[in-house]
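Asks: Chains as they are written, first to last, in numbering that gives the first Met the number 0: chain W, 0 to 276; chain R, 0 to 276; chain Z, 0 to 276.
Keep in mind that the hints are not guaranteed to be accurate.
Intra- or inter-copy, both count: the list cannot distinguish identical chains.
[Unchecked claim] With a straight-line cut-off of 27 Å between C-alpha atoms, the simulated DSSO-like cross-links for lysine-lysine are:
(1) Lys92 with Lys17
(2) Lys115 with Lys201
(3) Lys260 with Lys201
(4) Lys201 with Lys18
(5) Lys243 with Lys201
(6) Lys201 with Lys92
(7) Lys60 with Lys201
(8) Lys17 with Lys243
(9) Lys201 with Lys112
(10) Lys2 with Lys201
(11) Lys115 with Lys7
(12) Lys118 with Lys260
(13) Lys92 with Lys243
In case anyone wonders, no lab produced these hints; they're calculated from the structure.
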Amino acid sequence: MSKVDIQKQIMQAVDAVKKTNPMAGSVTNTVTINLVANAQLAVGGSAAMVYLPDEGEFLAKAGGAFYINVGTLFPIYEQTLPCAAKALHDAGKPWVLDPVAVGIGSLRTELLKRFKEYKPGIIRGNASEVIALAGLWGLDGSAGGSHVRGVDSTDTVAAARTAATALARWTGGAVAVSGTTDLVTDGSVVAFSHGGSHFMGKITGAGCSLGGVAAVYAAAAPPFIAALTATAAYNLAGSRAENKADGPGSFQVEFLNELYKATAADIAGNPLEIEEA
Amino acid sequence: MSKVDIQKQIMQAVDAVKKTNPMAGSVTNTVTINLVANAQLAVGGSAAMVYLPDEGEFLAKAGGAFYINVGTLFPIYEQTLPCAAKALHDAGKPWVLDPVAVGIGSLRTELLKRFKEYKPGIIRGNASEVIALAGLWGLDGSAGGSHVRGVDSTDTVAAARTAATALARWTGGAVAVSGTTDLVTDGSVVAFSHGGSHFMGKITGAGCSLGGVAAVYAAAAPPFIAALTATAAYNLAGSRAENKADGPGSFQVEFLNELYKATAADIAGNPLEIEEA
Amino acid sequence: MSKVDIQKQIMQAVDAVKKTNPMAGSVTNTVTINLVANAQLAVGGSAAMVYLPDEGEFLAKAGGAFYINVGTLFPIYEQTLPCAAKALHDAGKPWVLDPVAVGIGSLRTELLKRFKEYKPGIIRGNASEVIALAGLWGLDGSAGGSHVRGVDSTDTVAAARTAATALARWTGGAVAVSGTTDLVTDGSVVAFSHGGSHFMGKITGAGCSLGGVAAVYAAAAPPFIAALTATAAYNLAGSRAENKADGPGSFQVEFLNELYKATAADIAGNPLEIEEA
Chain W
0 MSKVDIQKQI
10 MQAVDAVKKT
20 NPMAGSVTNT
30 VTINLVANAQ
40 LAVGGSAAMV
50 YLPDEGEFLA
60 KAGGAFYINV
70 GTLFPIYEQT
80 LPCAAKALHD
90 AGKPWVLDPV
100 AVGIGSLRTE
110 LLKRFKEYKP
120 GIIRGNASEV
130 IALAGLWGLD
140 GSAGGSHVRG
150 VDSTDTVAAA
160 RTAATALARW
170 TGGAVAVSGT
180 TDLVTDGSVV
190 AFSHGGSHFM
200 GKITGAGCSL
210 GGVAAVYAAA
220 APPFIAALTA
230 TAAYNLAGSR
240 AENKADGPGS
250 FQVEFLNELY
260 KATAADIAGN
270 PLEIEEA
Chain R
0 MSKVDIQKQI
10 MQAVDAVKKT
20 NPMAGSVTNT
30 VTINLVANAQ
40 LAVGGSAAMV
50 YLPDEGEFLA
60 KAGGAFYINV
70 GTLFPIYEQT
80 LPCAAKALHD
90 AGKPWVLDPV
100 AVGIGSLRTE
110 LLKRFKEYKP
120 GIIRGNASEV
130 IALAGLWGLD
140 GSAGGSHVRG
150 VDSTDTVAAA
160 RTAATALARW
170 TGGAVAVSGT
180 TDLVTDGSVV
190 AFSHGGSHFM
200 GKITGAGCSL
210 GGVAAVYAAA
220 APPFIAALTA
230 TAAYNLAGSR
240 AENKADGPGS
250 FQVEFLNELY
260 KATAADIAGN
270 PLEIEEA
Chain Z
0 MSKVDIQKQI
10 MQAVDAVKKT
20 NPMAGSVTNT
30 VTINLVANAQ
40 LAVGGSAAMV
50 YLPDEGEFLA
60 KAGGAFYINV
70 GTLFPIYEQT
80 LPCAAKALHD
90 AGKPWVLDPV
100 AVGIGSLRTE
110 LLKRFKEYKP
120 GIIRGNASEV
130 IALAGLWGLD
140 GSAGGSHVRG
150 VDSTDTVAAA
160 RTAATALARW
170 TGGAVAVSGT
180 TDLVTDGSVV
190 AFSHGGSHFM
200 GKITGAGCSL
210 GGVAAVYAAA
220 APPFIAALTA
230 TAAYNLAGSR
240 AENKADGPGS
250 FQVEFLNELY
260 KATAADIAGN
270 PLEIEEA
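Please model the complete structure; the sequences and the hints are all you need to start from.
Replies: Listed below in structure tokens is the structure:
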């Protein structure tokens, strides 16, 4: 894929979502669940969040894609998440995994291990989470170990490149690593997406909602394009919002406005570089 | 009731809430729980949210009204919701039911069926939800079936008129159907409330928070007036907020501002039509 | 401690947090969880929220401080909260207790009773909650009983002075009582902090997020200074935000902006009075 081909597919993904309003269900954390839904609506998708096993399975089958974020686990997730992930895998539906705070707690570890077999089409995380997930799955790229601190990353995006590539090769999908410059790979190509804002680290949920938006695009485009489209949309809207914002409060408001207003051409035109993996 | 009588009662409801600050407890979904509380506070009410059975029962008895929204069910709701609904029914307290995503999952279906006997004073939903609830309760108006997709409606408000009327006659309360033009009925009169904004479909929680606000007004007015007051307040604030908003982010901010600033005369003067059912 | 000493320590606390970005984990309610996290980030801290016992314990050990808010209890909290509180106590870590809606429900009562032995470094609540907690723990200051209504206070800050002092003497930490003028005491000194805004009662979470921010400062300063710094920051940001806000929607946005922009000198210079307890 050339850069021009990729940009063309990004434009198609953005327009397809605006036209078809695809529904992406979610099981996601309670901290940022509102922003996830609002971001999904802002780009033209539809959101639905659930906690129970049969409801997760229902939405997995009914939606165009799905988003699983393990940020705040409830006990019932021991059943809900494998149930939804299996339904998604069996139906060949794309889903996004956000391995928030990988390494904290036994249920989180157990669930994230099980997801290896259900192959999420997109894995989105910060550098430390991507490195730690590769380690948990016994893949390359985690030799030096990761440095997860709560929900924050203490590793650089560059340090997660090998892990991201290994994860993408295992799933046959894409991996998006969030950082100052974001990295998105399908295991053969590595894309770097520029932009965003320092305020994205000063609000909670920039990463989670990016995962939810990637799920919306995954209902209308292949995983790599969906992940890259969401990432580019976030970098564009983040940069534009920063110019209008006086602090993190108004940044979040302007960010949703800009996400809503961004056109296909705007998003495809956001600074992007492509390399071989 | 003439239109003038209704408008007079709307003004009384708005002023009574501003003066008495009534508390309406809620068991509601985690996606929009914050907006529900903030909207309840904006109109002059007090909010309190719980999940556990004895706490639901306590708030049901302690508050002037209650709000039950089944958007994101937790396992404990199998006990909490019947417990709260029974306490409300036994105490003759008004409560608002928001049958979000009716049709998804076995617990949701079972709970919504049980609510038939506890007769919510106000039922609020989109057209598809109202049609589906009437069907679940074996009432008129669901002959053609409803078209629920996740949490979205794919039916028109007009298509839900028979179902809404049948539900209101069963409960002896009121039903509010949200759409481009909103319909509120007590089974004998049908009111149409105009206004609102296309942005209300671009943020999550416009419907849920309307239900929460209807519960606040139900603590100070009969169900039909309470439902209509909340609906008119939302249409007014939505129209005004759209004029100041640059996208869904600023729309939500301006919407809460306008809800807070709306006077009794503003709300009663919002475009309204009355028909026989 | 003289007022000048206290102001110097407030400045040190603010700067230390901005420099070291301390992580304060939380188990907190789902209504205001997003605002808690965003406020913690705005002052320079890091946030992480969990629900499960081993995760609460992990974050209790990993973070610099912790925040427990009993607003919306889940069944699993029967295990999670004692587990986290014990880990905090055993490790000598500072933690903040927010006894929201004390008196509602059996689990809430049981948990709040158990917390007596785990001695939270900071207790933050409205006047009614502070009086009720002192009563629950068998301490002075609750002779007249408290008047909790849902999550609202119906007692004055002055009425909670004896209870606050007794609680602080029991824990050896600090107590912050929120009201028109806020009271913070370590049992020997009583500080009064002025400012804030009437809009803080018109949004949900002003109190909860103050508790979360106090936990962030508690990772960098002694309990009394941490509680007072958080309180002063809230009064300052509240006053400034009110000047820019047109209603509760924009108030919340401006409040986060002002919290983010407030300097150490701004916060230390917020109107403050000191008395013997």
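Asks: Against each hint, give a clear statement of whether it holds in the structure.
Replies: Evaluated hints:
| no. | hint | in the structure |
| --- | --- | --- |
| 1 | Lys92 with Lys17 | within (20 Å within a copy, 44 Å between copies) |
| 2 | Lys115 with Lys201 | neither (31 Å within a copy, 35 Å between copies) |
| 3 | Lys260 with Lys201 | both (22 Å within a copy, 12 Å between copies) |
| 4 | Lys201 with Lys18 | between (33 Å within a copy, 14 Å between copies) |
| 5 | Lys243 with Lys201 | both (16 Å within a copy, 21 Å between copies) |
| 6 | Lys201 with Lys92 | between (33 Å within a copy, 25 Å between copies) |
| 7 | Lys60 with Lys201 | between (35 Å within a copy, 24 Å between copies) |
| 8 | Lys17 with Lys243 | both (25 Å within a copy, 24 Å between copies) |
| 9 | Lys201 with Lys112 | neither (30 Å within a copy, 36 Å between copies) |
| 10 | Lys2 with Lys201 | neither (32 Å within a copy, 32 Å between copies) |
| 11 | Lys115 with Lys7 | neither (31 Å within a copy, 53 Å between copies) |
| 12 | Lys118 with Lys260 | neither (33 Å within a copy, 43 Å between copies) |
| 13 | Lys92 with Lys243 | neither (38 Å within a copy, 40 Å between copies) |
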